[in-house]
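Model the full assembly from the supplied sequences, consistent with the hints where possible.
From first to last, the protein sequence lines are chains B and V.
Residue 1 is where the first sequence starts when you use our numbering, and the numbers rise one by one after that.
Residue 1001 is where the second sequence starts when you use our numbering, and the numbers rise one by one after that.
No wet-lab data here; the hints were simulated from the structure.
Note that the Cβ used here is the ideal one computed from N, Cα and C, for glycine as well.
Incorrect hints may appear among the rest.
As the list claims (entries may be wrong) - These stretches of chain B come out as covered by chain V in the derived footprint (C-beta under 8 Å, 3 or more residues):
#	region
1	9-18
2	26-33
3	43-50
Claimed, not checked - Derived, one-sided and incomplete: chain V residues facing chain B with beta-carbon distance under 10 Å:
#	residue
4	Ala1301
5	Ile1310
6	Leu1320
7	Gln1328
8	Arg1335
9	Arg1356
10	Pro1401
11	Arg1453
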Amino acid sequence: MQDAMADDDLDAYAAAGTRLLGIAVAPDWQPAIRAHLRVALTLGGLVAGFDLPDEAEPGPVFTA
Amino acid sequence: MRSDPWASAAAIARAVAAGRVSAGDVVEAALATIARRNPALNAFTDVTAARARGRAGAVDAALMAGVAPGPLAGVPFAVKNLFDVAGLPTRAGSRINRERPPATADATLVARLEAAGAILVGALNMGEYAYDFTGENVHDGASRNPHDLARMTGGSSGGSGGAVAGGLVPLALGSDTNGSIRVPASFCGLFGLKPTYGRLSRVGSFPFVASLDHLGPLARTTEDLALAYDAMAGTDPADPVCQDRPAVPALPGLGQSVEGLRIAVAGGYFRRGAAPEALAAVRACAEALGAYDEVELPEAARARAAAYVITASEGAALHLDRLRARPQDFDPAVRDRLIAGALIPAALVTRAQKFRRWYAERIADLFGRIDVLLAPATPCTAPLIGQQTFVLDGQDVPLRPNIGIFTQPISFVGLPVVTVPVALPGSLPIGVQLIAAPWQETVALRVAAALERAGVARAPRPNMED
Chain B
1 MQDAMADDDL
11 DAYAAAGTRL
21 LGIAVAPDWQ
31 PAIRAHLRVA
41 LTLGGLVAGF
51 DLPDEAEPGP
61 VFTA
Chain V
1001 MRSDPWASAA
1011 AIARAVAAGR
1021 VSAGDVVEAA
1031 LATIARRNPA
1041 LNAFTDVTAA
1051 RARGRAGAVD
1061 AALMAGVAPG
1071 PLAGVPFAVK
1081 NLFDVAGLPT
1091 RAGSRINRER
1101 PPATADATLV
1111 ARLEAAGAIL
1121 VGALNMGEYA
1131 YDFTGENVHD
1141 GASRNPHDLA
1151 RMTGGSSGGS
1161 GGAVAGGLVP
1171 LALGSDTNGS
1181 IRVPASFCGL
1191 FGLKPTYGRL
1201 SRVGSFPFVA
1211 SLDHLGPLAR
1221 TTEDLALAYD
1231 AMAGTDPADP
1241 VCQDRPAVPA
1251 LPGLGQSVEG
1261 LRIAVAGGYF
1271 RRGAAPEALA
1281 AVRACAEALG
1291 AYDEVELPEA
1301 ARARAAAYVI
1311 TASEGAALHL
1321 DRLRARPQDF
1331 DPAVRDRLIA
1341 GALIPAALVT
1351 RAQKFRRWYA
1361 ERIADLFGRI
1371 DVLLAPATPC
1381 TAPLIGQQTF
1391 VLDGQDVPLR
1401 PNIGIFTQPI
1411 SFVGLPVVTV
1421 PVALPGSLPI
1431 GVQLIAAPWQ
1441 ETVALRVAAA
1451 LERAGVARAP
1461 RPNMED
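Given below as C-alpha cells:
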C-alpha cells in the first residue's frame, strides 16, 4: 500500500495473520510468502489509489 | 483419415457421418497416438480407453441404425483434469483432490460434447488448482511443448495445449481465469476460445476464482472451435453465473466477410513489454485485416492489478481449509501465493470489484466505437521449463506472474476472445487475441476464420517422432 514496505512489517503481519487464520507456516516458506504479500499489497494499493465515487457499485451485483 | 493424427474434428465428423471411417477406428487410432506420444508430452493424466471404446461402439451402432450423426460424431476429445469425469477423482492438478471419491457424473460441457457425438478419451495435466501460467506441475510433472520439449506449454491448461498441438486429439477443453486457455494456445500454436463470462456452464468443474472463471475449447482450426462452441452453448440453471441468453451458432457465419467490421489494435500498455515476436504477430494480423487504428484501453495496468488481487483473495478463500489442514501437500509455488492471498485486506478486494465496474463501463464505451480489438496473447514465445525470470520492458522480472499481463485486463471484464496462432519464420508460434464485445463470440470467430483463410493464422505442425 505504501511505497516502502519493510520486510519486518510484512513478516510480522504475515505471522500474526496466519496465526489468527490457523495456517501453520514453516520458516522456509516465509520469504516467498513475504514476496507474494508485497506484490499483492502493492497491486492492491494501485487499485485503491484510483479515485472512485462513494456510490460506485462493485462488479458482482447480488440479485434477490 | 484413420491414421492421420492431424485430421481436424470437422474432417473426422464428416468422415464418420459419411461412413468412410468408423468411430471405433478413429478412437483406436487416437488411443494409439496417445500411447506413443504422451510419454514425451506428459499431457494426459488419465486415459479413459474403455469408456471411449464403449462410446465409439454406441456412435457406430446409432449410425448403422440410421440415427442422424451429431456434428462431432466420432471426434476424440480430452479435458483438463478439473472437469468432472464420471469414475475419476477430479484432481484439478493437485495431490490433495485426487484422494476425493470419483465423480459420479460428467461435467455439463463434457456431456454436451458427447451428446453431439464426440468421444472423451481422457483427462489432461494442468497447473495445480489452475493457479499457474506455465503448465508445470510438481505432482504430475510438467506438460511439455510439442514444438520444443524443453519448453513450457503455458498454463494452467498445459495438457490441453500439449495434447492438441501434439496431435493426440483434435479438441480439448480448458479453463481460463486470467489467461489459462489463451496462454497455452499462444505457446503451443493453437486456436483457443475464451467465451464471454457467463456464456458456458461451469457445472461439474472444480472452481478457482468464481467471479473470473471461464471454460472453453482449444483446437487446431477455427472451424473446430466453432463446432465445439456451438455444441456447448446454452443456459444451465444449475450455474447461477451462466446467462439465459440465446446462443447464436458460430459455424454458419465463419465464411462471412469481415469487411465493415471496425477492427483496431490495442496500443499503450499492450505494446510495452511485448517481445518483437509478439508485436510482429499482431502486426501481421492487423495488416491482413486492414486494421490501422490504434486504441488504448484505459487503466489496463490497474485492471491487471485488480484481477491479481481478486484472484489471490478468492483463491485463498476457496482453499483456506486445505491450507489449514494440509499446507505441505500443495505445490509450494501455489501454496505460498495462496497464503499471501489469505492475508489481503478485504477492503482492497472490494475496491478491486468496484474498479471492475468502472473499467467495464469504459470498455463498453470502447466497444461502441469498434467491433474487434487485436492484442498480443503473451509477451513472448514459450519459455524454457523451469525458467524463473524473463526480460519485460527492459527489466528482469519473475516469469510466472507476468506471463498473463496481456490476458488479465481482458478476462477481468469477461470479454470473449479467440486466440489465433501466428507462426513467424524461424520463431516458435505465438498468439494474438481477437477481443470482441460481450456476447459477440461469433464476431471474434469470424475474424479468426478470415485470418486463417488469409494464411496468417495457422496451427503449425510440430515434428513429432513416433
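Do the numbers back the hint for V:Arg1453, that is, is its least Cβ distance to chain B under 10 Å? Because about 37 Å separates V:Arg1453 from the closest Cβ in chain B, which is outside the 10 Å limit, the hint is violated.
Next item in the hint list is V:Arg1356. Is there a CB on chain B closer than 10 Å to its CB? 3 Å, holds
Given a cut of 10 Å on the nearest C-beta pair, is the interface hint for V:Gln1328 held or broken against chain B? This interface hint holds because 8 Å falls under the 10 Å limit.
When the nearest CB of chain B is found for V:Ala1301, is that gap smaller than 10 Å? Where the cut-off is 10 Å and the nearest Cβ of chain B is about 7 Å from V:Ala1301, the hint holds.
Using 10 Å as the Cβ threshold, decide whether V:Leu1320 counts as touching chain B. 7 Å, holds
Using C-beta distances, would you say chain V covers the region 9-18 of chain B, given that this needs three or more residues below 8 Å? With 4 residues closer than 8 Å to chain V, the region 9-18 of chain B meets the three-residue bar; holds.
8 Å C-beta test of the region 43-50 of chain B against chain V, three or more residues: The restraint on the region 43-50 of chain B holds, since 7 of its residues have a Cβ under 8 Å from chain V and three suffice.
Counting residues of the region 26-33 of chain B that have a beta-carbon nearer than 8 Å to any beta-carbon of chain V, does the count reach 3? holds (count 4)
Less than 10 Å between beta-carbons is the criterion; does V:Pro1401 satisfy it with respect to chain B? With a minimum Cβ separation of about 7 Å from chain B (threshold 10 Å), the hint on V:Pro1401 holds.
Given V:Ile1310 as an interface hint, is its Cβ closer than 10 Å to any Cβ of chain B? 9 Å, holds
Is the interface hint for V:Arg1335 satisfied, with its Cβ closer than 10 Å to some Cβ of chain B? The hint holds - V:Arg1335 has a Cβ within 10 Å of chain B, the shortest such distance being about 7 Å.
Hint 11 from the list above is the single one not met by this structure.
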